[in-house]
Amino acid sequence: MHFYESVLVDTIDGIQCKVYANSHPDGFVIVKPKYVPESLLNFTGLKKRFLFSKCMTRFNLFNAKEIVEENLTRLKNTFPYYFYTCPRHKNWFLVVPTDKIAKTYDTRAGLKELMKVPVTDLDSYLKATRGFIELILQSGVHIDNIGITHSTLLGNYTLGKSDIDVLVFGKDNGWKVLHFLETAQHTSLRWKTEEDWAKYYRERVVSTQYSEKEYVYNMVHKKDDGFFDGNVFSVFCVEEPGETWYDWNEEHEPLGTAKIRGTVGNAYNSIVRPGYYDLQSSEIVEGHNSVPIKRIVTWSRPFVLQAREGELVEACGLLEKVTPKIGTAYYQIVIGYFDTYITERGKKEYLKVVVE
Amino acid sequence: MAHFYESSIITTKDGLQCQVYGNEHPFDSILVKPKYIPTDKVQSDALQYRFISGRKMNRLNMWADKEKLKQYLNTFKIKYPQYVLKSPVHTDNRLFFSIPIDDIERIYYPRKGFSELISMPEGSLDDHLQLVHKFAKFLLQSGLRIKDLGITYSTLMGHYNPAVSDINIVVYGKENFWKLMNYLDTAQHELLRWKTKEEWVSFHKRRNRYNTFSEEDFYFLMNRKKSEGFFDGRLFVIFAAEKEEETWFKWGEEKYTPLGQVTVEGTVTDNFSSIVRPGCYDIINVTTIDGSVPGEITKVAFYSRDYCMMAYPGEKIQTCGVLERVDRKDGSSYYRVVVGYFDAYMDERREKEYIKVLL
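Each protein sequence line maps, in turn, to chains C and F.
Just so we're aligned, residue 1 is where the first sequence starts under my numbering, counting upward by one.
Just so we're aligned, residue 1 is where the second sequence starts under my numbering, counting upward by one.
Hints are not guaranteed to be accurate.
[As the list claims (entries may be wrong)] Over 12 angstroms on every C-beta distance to chain F, these chain C residues come out as not near it, computed from the model: (1) 51; (2) 54; (3) 62; (4) 106; (5) 123; (6) 163; (7) 170; (8) 196; (9) 202; (10) 241; (11) 261.
[Claimed, not checked] Facing chain C, a subset of chain F residues (Cβ under 10 angstroms, in silico): (12) 109; (13) 162; (14) 210; (15) 293.
Rather than coming from a laboratory, the hints here were simulated on the basis of the structure.
Source: prediction; values computed, not measured.
Using N, Cα and C, we set each Cβ at its ideal position, and we do this for glycine too.
Bound-form chain F, shown alone:
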């Protein structure tokens, strides 16, 4: 219904800091993931505490102790009912967070922040910002323009810790993102290095990745991603945000009916939209491994960035997730598997859901 760029930051009038979650949104609110939540109404020792903007905040981590996370999110829903979306296109148990327009205090725009930062004299920047500045100049050698890039999270908000904070870059436009990935595939810079096998393996041990992939397979799949690496020893992560004219679905034009959990395999025909959130792979020749599938599945959608750019056309993937029948406004329908809805983190689906390439 409305386009709003993923990875922008929204602060609410009552002090939440949220990251915009997706590029398509309902008409009167913006889908988000609450990132930092004040502790005066709801708090949990299972979540990290931070002192940000003069408040004690919890950092929401969907991989925290599951029972405590569930308790926390249930209390959140009671204390902040205005931030829990009653989606008219999903069933009641589907969890989305959204900020009604009237509750927004301020929006931090990554693109605007980037253009401000890049225009500043390097001498006026601290070490962290100088590095971001240098990295940005390197990325601009890909042929992207200043207006194609953004900075987000702590760099944009200004509460970074130079010792530990990542550099988070947003690329506007899917074509631009793929162009940058192609550039980084061969680009050389004395400060640029990619994650080693050991680093990816250490990453593999977190979340549910170890359930899904062997170390070797995980390294193979991750090593071909050029969206994460190190610049002068600092981790950088590059995200894609869809332009309004290129979103792969429009909020409100489809209705989703869950039909249970399934495991299926299929061959990827298109991964162009696998770089965004939510992202998707178009698939064909689908076979069912587990569960009941009443029709042809043509798409695998995901809300977790872990599955971005995982598979390429021609590759066979296996996925476990929620089977949905998608009814379009024009009366047509199709079936898809969805991985990583927020509510998945509150039950056994958190460990069960996955997308993997069959190597």
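Excised from the complex, chain C in its bound form:
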């Protein structure tokens, strides 16, 4: 079974998780826990919500390193099987073993159901969701290739606050939608302004490695986040089973933190998580002796769609030597592995377009 990124799964323990990748190691699904019943586990420094008739803790890795470390330890002590140490990566991932999945939410079926409900029977949030879907259908992408997820799908949204979370299935479709949105005109459509992005930067620990101004410059051209009828929307592109690029059989040898510069050759796979930017040329600026870097991989959504073909980028992340089962070894920089939330490397990692 293919587990799409951004789909929600409930575990048999009652934890709700968000799928965090489009390809997964055998027997596991890469996830981020999203809501954990307080009755199961007591975390520190996290917000609580009353959801599904329970007091749930909103699990969040965007927090001080010490808090994240403590919470991961508590999670691991009670549920060790949510951690997978991958021998090929020599690193760990948050996962749900496939035999611990109780329920998977069907984002495509949910959208189709929503579109069947007469508009007059929808509240303002669902009206906006429907309006946004109708807009992106004008891109030419078929309704079969669109889904809704998170609170939009489950119905536990908060009017006036919750995002509209839309999935687009297939990378070609994802690009088609984003290109369409670049020029789309609609009275309800508004893009995040520089101030909106600056606010986002201030509220989340995106990276301390570049300034608010640099961050705003890098983000403002993205068209996967905006406002529709006053509601924030996010478009998540997910890979179909036949087009996943990540190979869990490759051997990863971590070589330490490195800073590089390079020119993006191909950004086609930068639309998904994990995503990557192929580099035409590269140089290691700091942290390791000179080796050619084939690509920059990101597991972190803020670095998705960050750079376009031909742009000069600078990145800091984990330098890895990757040895495929077939073919020659190559080097890559990886940003946003789970361990970055509890290591010093997390504070150093970034990817930005160099503005000369």
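Since chain C is already given, all that's left is putting chain F on it; use the hints.
Frame of chain C; chain F shown alone:
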């Protein structure tokens, strides 16, 4: 045969959301009223649509256009035969919905939900839940304990709309419920207000109430109920659920034979169980206005919450409903009038049945 608290919510494996309907249930299934029903097998434009849990649902409303409702329920019975109870203690035409235990996906317990909610820091709650939290604290001043209260419907399920959703509270135990009603009779709170005459009159115009009561009589009767009001402008409704040891009948220990429709009058001797569903009034000195009654009627039972706490001991009531002979396991029998079986909503009884106090 089995006790299960009224107003709990059950989701079925095939996506129905149901409210538990009554406190006494058959051994292997739970009596419910389907509240939200997926539209893939049966649907009706006469019912409101909602997008809930990722599905297009119809909200079952027993007061929808009668012909369309009848058509809808007939199709429902064909598409979901497993949810239509063949009651061994009623005749075939009596309609009950019930969920076999094996078809249950999840049960939402109002009491558990309440205790979780009340333990949460107010700062982590949205506006709707903060209000529910505040209202709950106010109710707890009555002397009831946290374990005596529950929250239900959209607040419990989490698909409320802060602009329009009611606050639905469950009180466990009939003594507790009456205690709370007595408290609310005189309680003061800056956010508490009772329905005005205009609001009750507007309410009166819906369903079949306008057939039964004059506006003045309806207002008099409703105004003394303290189970509905507004808290910070939001409608609240308080329900009672019977504890296992205090249910007024046990499912399966009585058999019911319908004897036609009657209209009778009698004097209420006991309304203690008039706060629950099904609820009842014990009556004496019964006279028959219409229909044929072969024996002494001692009880009026009802399935509609409209008739909760309507009459008090000593008051004379008039009722129109189904006359039933009730045969107990011990061989004794009595007669009662029943108002508001589900099947009543599918024929002319929907408009004809009532209980009213003769003022």
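| task | Determine which of the earlier numbered hints do not hold for this structure and return their numbers in increasing order. | result | The structure breaks hints 1, 2, 4, 5, 14, 15; every other hint is satisfied.
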